[in-house]
Amino acid sequence: MSDERIQIETPFAFNEENQREFDELIGRYPVKEAAMLPTLHLAQRQAGYITPAVMKYVAKLLEVTVMKVKDVVTFYPMFFEEPVGEYVIRVCHTLPCALRDCKVVLDHLKAKLETDIASETNLAKGTTADGKFTLMKVECLASCDVAPVIMINDDLYKNLTPEKVDEILDNLDNL
Amino acid sequence: MVEERRILYEHLDVPDINTFDVFRQYDGYTRFEKAIAEYQPDDIAKMVMDSGLKGRGGAGFSTGLKWSFVPRDIKPCYLCCNADESEPGTFSNRYVLEKNPHLLIEGILICCYAMGIETTYVYIRGEFTLGKRMLDAAIKEAYEKGYLGKDVRGTGLNIDIYTHPGAGAYICGEETGLIESLEGKRGQPRNKPPFPAVEGVFSKPTVVQNVETLCNLPFIVGNGVEWYTKMGPTYADTREDPPKADPNTGTKLYCISGDVNEPGVYELELGLTCTELIEVAGGLRGEEVKAVIPGGSSAPILTHYELDTRLDFTSLTLAKSMLGSGGIIVMNETRNIVDCLLNIMKFYAHESCGQCTPCRWGTPWVRDIVQRIADGEGRQDTITRPKFGVTESGRWGDTGETEEIYEDLDLLESVANNIANVDTMTWNTICVFGIAVSWPAVSYMRKFRPEFEAAIREGKLVTLPVAEATVPPEENYAYQQRFIPKEFADL
Ligand SMILES: Cc1cc2nc3c(=O)[nH]c(=O)nc-3n(C[C@H](O)[C@H](O)[C@H](O)COP(=O)(O)O)c2cc1C
Ligand code: SF4
Ligand code: FES
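Sequences listed follow chains A and B, in order.
Sequential numbering from 1 applies to the first sequence in my numbering.
Sequential numbering from 1 applies to the second sequence in my numbering.
Possibly wrong hints are sitting among the right ones.
Said to hold, decoys possible - Residues from chain A that keep clear of chain B, each with C-beta distances beyond 12 Å, as calculated: (1) F14; (2) N18; (3) A124; (4) P162.
Claimed, not checked - Subject to a maximum C-alpha distance of 25 Å in a straight line, what follows is the list of computed BS3-like cross-link-like pairs (lysine-lysine): (5) B:K185 to A:K60; (6) B:K346 to A:K137; (7) A:K68 to B:K204; (8) B:K346 to A:K158.
Worth flagging that the hints you see were computed from the coordinates, not collected in a lab.
Since the model is a prediction, treat every value here as computed from it, not as a measurement.
Beta carbons are placed, not taken as given, at the ideal position from N, Cα and C, and that holds for glycine.
Using the sequences plus the hints, can you model the full thing?
In structure tokens:
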């Protein structure tokens, strides 16, 4: 029990490029704390997910308590506190997409990737064994005219069918 | 057939309109130049007031009036552009950001000039990575060309625009939630008053405005108030004497999705009917319209009896629904309303920010009741309760009779009405998310009660034919209470 609690963390610090971006960001706001969301986005892009070390680092940068950073991280669904796959697949399942059969797309992805759907508190559940994909459901992505839609990392894919999903996944590695 | 009236979207599909040079060829920034050359800031504010422009983000509040609440002597004052677009069924802001970001910048510039604002934050939802990239690139260009930054075009104005990414929370679209989020906190809405216009971001006066609202400004300044007010109906509020003008001017970017042949964004003058809009969007996919959601998922549903309702702020409010964000979702005869409500309630249960007890607990509770009904486990016991309907005096109210209703339907209505009461329009929650939950819950249940009852009775989801699933007009609370406004032209 007690052994599990001792975690050796890899310390975190921005790389040069992100540090530059951060320096530019921080000048936009009259108080440092306001840079919280963009800073966390930067950190997550570099570290993959928000580790305790990241929170400590961000807290120091923005001159707030670690608790405040944690408070924010837990509120927003886009920040992960656990490792996720190389490709995060977000499947929209709100009404307009549901009317256009998003369930077929979701079931197809589940079968193809042989994984369950991640929940906000259990990302591992939706992550493939090889750590390549994380499958999750999200709410309306503001593209209901081209429903059903999914997002893979930063890119949106529209008017999906199981065949199109196959094609997209097969081509991912060549991007 | 109603014609599209493209104004905001007119040049949307011009190749490279996202670059400064091409935008400039299509009158880009000339309206801002006209504003600073020909008008004083107060003139612009007056023009916006006279244009009758109403906010396009959801509340439909008069933009000119909102600006008039901002104290002019407290500086700095901020502008927050709301590009959080997360209301299910809404997708018009996305295209502006991705394809024509300079138009938004021009709108922001005009607002900043009118209100004496130096700093603008554009709060973009986290998933709009392309939109943010395009806007960032356009902002960079505008700085290079001298339309942003210190001493804009030699006028002595200093105007900065920054983009700020959200991180996937719907509630950050609510204006005070947005402000909290912008300050680097959890996006939990604040109590009002004080309203953001008086005390907003960083405790300073703040104007919060939707992308579409701001994009209207260049056209109001460029073409004049008279040109603008010719579009859309101006109603006469005949309950007052003399009748008060209620403008629904301009165009609206109607987002239509669901069971139509050509879903998409259609820019039309305000005031066309549901039926007309479905026709514009390529007609219905299916045999018959079962239901239409007129203003994003938060809006009360309309039945096929109510399709003659005009899609504008006033008409929909008087029909006990709302135009909201202008996201229209159409459902055909194959859809099950219980299933649709379940989908929407899952959305709200997921998105409640958790500050207020009625909302935090009530929303998942409503979801669970609908889930139970959808699973065929709805409670069978019937409850006798007062029957509401048209009373002897001709009004809607307690008829003195009683009716039998399934326990779970009574519970559903009671829980929803305790989050926010749709009949009295009162609530004990901090923000109007509460009413956005109970509106759909109660309206779907009351207007399509036979389908809910069938699911409970049969122990499974049953999709009834449209005529049977819908409560007839004489029992439909909204149909009975609706008030069809008259245009000044018809008086
Ligand atoms: C729960 C909730 C979500 C909202 N989401 C949005 C949104 O995504 N985009 C938006 O522009 N307004 C949204 N609003 C409306 C804003 O609170 C606010 O009224 C609007 O941004 C004001 O701008 P406008 O006057 O230009 O419409 C939302 C309101 C509520 C209560
Ligand atoms: S009504 Fe709901 S969403 Fe709004 S502040 Fe309260 S808990 Fe949060
Ligand atoms: S519901 Fe899927 S994009 Fe809107």
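Hint-by-hint comparison with the structure:
With a closest Cβ-Cβ approach of about 17 Å to chain B, F14 of chain A is found to remain outside the 12 Å limit, as its non-interface label requires. Listed as a non-interface residue, N18 of chain A keeps its Cβ farther than 12 Å from every Cβ of chain B; the least gap is roughly 15 Å. Every CB of chain B lies more than 12 Å from the CB of A124 of chain A, the least distance being 19 Å, so the non-interface label holds. Listed as a non-interface residue, P162 of chain A keeps its Cβ farther than 12 Å from every Cβ of chain B; the least gap is roughly 20 Å.
Distance check on the hinted pair: K185 of chain B and K60 of chain A sit about 16 Å apart at the alpha-carbon level, within 25 Å; holds. Between K346 of chain B and K137 of chain A, the direct Cα distance comes to roughly 12 Å. Compliance with the 25 Å bound is thereby established for this hinted pair. For a cut-off of 25 Å, the pair hint linking K68 of chain A to K204 of chain B stands: about 23 Å separates their Cα positions. With a C-alpha separation of about 23 Å, the suggested pair K346 of chain B and K158 of chain A falls inside the 25 Å cut-off, and the hint holds.
In the structure shown, no violation is registered for any of the earlier numbered hints.
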